[in-house]
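For reference, the chains in residue letters:
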Amino acid sequence: MSGAEQFKGQALSWEVNGGVIELALHRPPCNELGSLSLGEFEQFASALDGLEKDAHALVIYSELKSGFCAGADLRELYQRSQAMEKSQALRGVRDFLERIHRVMNRLDASPLTTIAAVHGVTFGGGFELAMVCDLIIADKLARFCFPELRLGLIPGFGGIPRLKRDLGNAVVRDLLLTGRSFNATKAQQVGLVSQVVAEGEAVRAARATAAQIGKFDRSTAATAKQFIKPIPHEELRREIDIFCELFSRPAVEAGLKKFVESTDAQPYLP
Amino acid sequence: MQTAESTLEEILTLAAAHFKVPREKLSPDEDFFKALGIDSLQTLDLLTKLENHFHVELPDYELQGVSDFRTLAARIQARR
Numbered sequence: 533m534s535g536a537e538q539f540k541g542q543a544l545s546w547e548v549n550g551g552v553i554e555l556a557l558h559r560p561p562c563n564e565l566g567s568l569s570l571g572e573f574e575q576f577a578s579a580l581d582g583l584e585k586d587a588h589a590l591v592i593y594s595e596l597k598s599g600f601c602a603g604a605d606l607r608e609l610y611q612r613s614q615a616m617e618k619s620q621a622l623r624g625v626r627d628f629l630e631r632i633h634r635v636m637n638r639l640d641a642s643p644l645t646t647i648a649a650v651h652g653v654t655f656g657g658g659f660e661l662a663m664v665c666d667l668i669i670a671d672k673l674a675r676f677c678f679p680e681l682r683l684g685l686i687p688g689f690g691g692i693p694r695l696k697r698d699l700g701n702a703v704v705r706d707l708l709l710t711g712r713s714f715n716a717t718k719a720q721q722v723g724l725v726s727q728v729v730a731e732g733e734a735v736r737a738a739r740a741t742a743a744q745i746g747k748f749d750r751s752t753a754a755t756a757k758q759f760i761k762p763i764p765h766e767e768l769r770r771e772i773d774i775f776c777e778l779f780s781r782p783a784v785e786a787g788l789k790k791f792v793e794s795t796d797a798q799p800y801l802p
Numbered sequence: 411m412q413t414a415e416s417t418l419e420e421i422l423t424l425a426a427a428h429f430k431v432p433r434e435k436l437s438p439d440e441d442f443f444k445a446l447g448i449d450s451l452q453t454l455d456l457l458t459k460l461e462n463h464f465h466v467e468l469p470d471y472e473l474q475g476v477s478d479f480r481t482l483a484a485r486i487q488a489r490r
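Taken in sequence, the protein lines are chains A and B.
Just so we're aligned, residue 533 is where the first sequence starts under the working numbering, counting upward by one.
Just so we're aligned, residue 411 is where the second sequence starts under the working numbering, counting upward by one.
The set of hints was computed from the structure by calculation and includes no laboratory data.
Note that the structure is predicted; figures quoted are calculated from it, not measured.
Do not take every clue at face value.
Per label pair, the in silico range of CB-to-CB distance [unchecked claim]:
#1 B:A488 x A:A702: 19 to 25 Å
#2 A:G571 x B:T481: 41 to 47 Å
#3 A:R626 x B:Y471: 30 to 36 Å
#4 B:S416 x A:R626: 52 to 58 Å
#5 B:A488 x A:G723: 26 to 32 Å
#6 B:D478 x A:S619: 46 to 52 Å
By construction, the Cβ of each residue, glycine as well, lies at the ideal position given by its N, Cα and C atoms.
Chain B extracted, bound-state conformation (with noise of 0.2 Å):
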């Protein structure tokens, strides 16, 4: 059973790889837009990755505000 807290270690060890940030730098309510450094065209990126590794769907408008891993493993937690 996947819990919350597994779920965002996931999220940021799977972030800090494809954006190719070290790992210990990301911290789980940090502001990932600035943490990773990335535009609205890579979120996507990171959106669609997120979806294939947990095997859910996240529509984009779920995350409209959303800034930081915490919250955003939630969103996925509640689609497993």
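For reference, chain A alone in the conformation it holds in the complex (with noise of 0.2 Å):
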């Protein structure tokens, strides 16, 4: 096989058994996306180049009991935000923001069929991390959420135009205008989730799947995906836009500052 078959980083990990790759997120508190995050993905999109040859699928999934990822690592922002020039922040911020997409696209427009096995909190770029993916198997403790409003943002990493393409309007107005988020059943009800299965039971189910879908042609499967799944590239440009007009208004820093500062028990609730 091409490319790292296993790497163990501070923030993920992956390995590949019988054509299926496993990508395990592991920094806690919940897999927060900064700097280091992004960094070793940046790596498993190169290595994909190579494992993706020889595998079928992709398993995407936590090793930590508080969830598969509460999404962008906020305090990182802020900090890193309060650290520089507000035009020299506002680079940075576009900079992460073009990275990450293109580890997101990657993902999005891999051959293999992917899969994401989700318990706990799959929040924000946590919840995009989890729409890039073929499939979204979820424990019933699952819960995802665009909370981005609150913060005077809008989900950065892919989150509306992926929303759009997947799902109806009137959702996708309903989990980011209110900024409430869905529980398992809920987003099965709206056509997000794949599957529902018991807490603690999403990898064993996503493996299952997995095997089934090592049975068919690698190449028609592939071809069916492209065919099916568009990457919607003029609306990720715009989001990104979007996003950068928005964090230069001063409600972003206050919202941020709210936030990292927070001793409220439910900080996480929109």
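Using the hints, put the two standalone chains together into the complex.
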């Protein structure tokens, strides 16, 4: 097999078993996506070129009890933006978004059949990571949410274009404009989640699904995927521009400060 | 017909079982964050457990500021 078959990083690890690439997230407290995670995701995206040649599926999951992923590392974002001038901070944000979009687009367009096995918190950037996958398998305690409006922002890792691609507009408006979270059952009802399984069973179910996928001709599956799952490149570009325009507003700094310094018992609730 | 009291009792039983706290140590007007020793992420687990158990949707914003079992039961009862 080509590519690094195994990798053990600080934020994520991967290995290949029987044609299935398993990407495990394990950065406490809940796989917040910051510069460390992004660097390792970029390594994974590079390795995919080789790994894909002999694989048929990719399963992404979290090893942490707290959940799949709580989204962007807001503490890092706030601290970094405080440590530099506004224009420099904005350039940093745009650069981060450009890089993470490249990773997300690479995963979205992979010829492999990709599965997110999620549990617990699947918020913001974590939700966006799950949405690049072809299938989402959720355990009963998974919750999905886009709380970005609370910070004066919109989702920035490709969330809106992919929501619009995959779901009805009314559901997209509900998720975005109220910032409320959906449980797994609701997420399945609206067409976001493929399977809902018992607590702790998402990875097992994802492996069983990956094994089933392995029975099909790879080339046919890749052709079908390319046909039915277009990447909304134009909207993704627009999302970065809108995010950066919003990020330059004073309300965002205030929102981030409030979140980072919050002692509220429910800071994750919109 | 479920009453507010029976809903409250079910919540207490469910929370005690999920977070492994003796049922008798939980009282209706107690702060459930303290009583259960849970953080914000575990609160989301509790929310999901309650939604699944009672077959209701509880928008997060309706729970802002709710910290005792009795008020939580009232919010659930209003959606049944």
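To see whether the hints hold, each was checked on the structure:
The supplied range of 19 to 25 Å is met by A488 (chain B) and A702 (chain A), whose beta-carbon atoms lie about 23 Å from each other. Against the hinted window of 41 to 47 Å, the Cβ-Cβ separation of G571 (chain A) and T481 (chain B) comes to about 45 Å, which satisfies the hint. At roughly 31 Å, the beta carbons of R626 (chain A) and Y471 (chain B) sit within the given window of 30 to 36 Å. Distance hint for S416 (chain B) and R626 (chain A): a CB-CB separation of about 55 Å, consistent with the stated range 52 to 58 Å.
At roughly 28 Å, the beta carbons of A488 (chain B) and G723 (chain A) sit within the given window of 26 to 32 Å. The supplied range of 46 to 52 Å is met by D478 (chain B) and S619 (chain A), whose beta-carbon atoms lie about 48 Å from each other.
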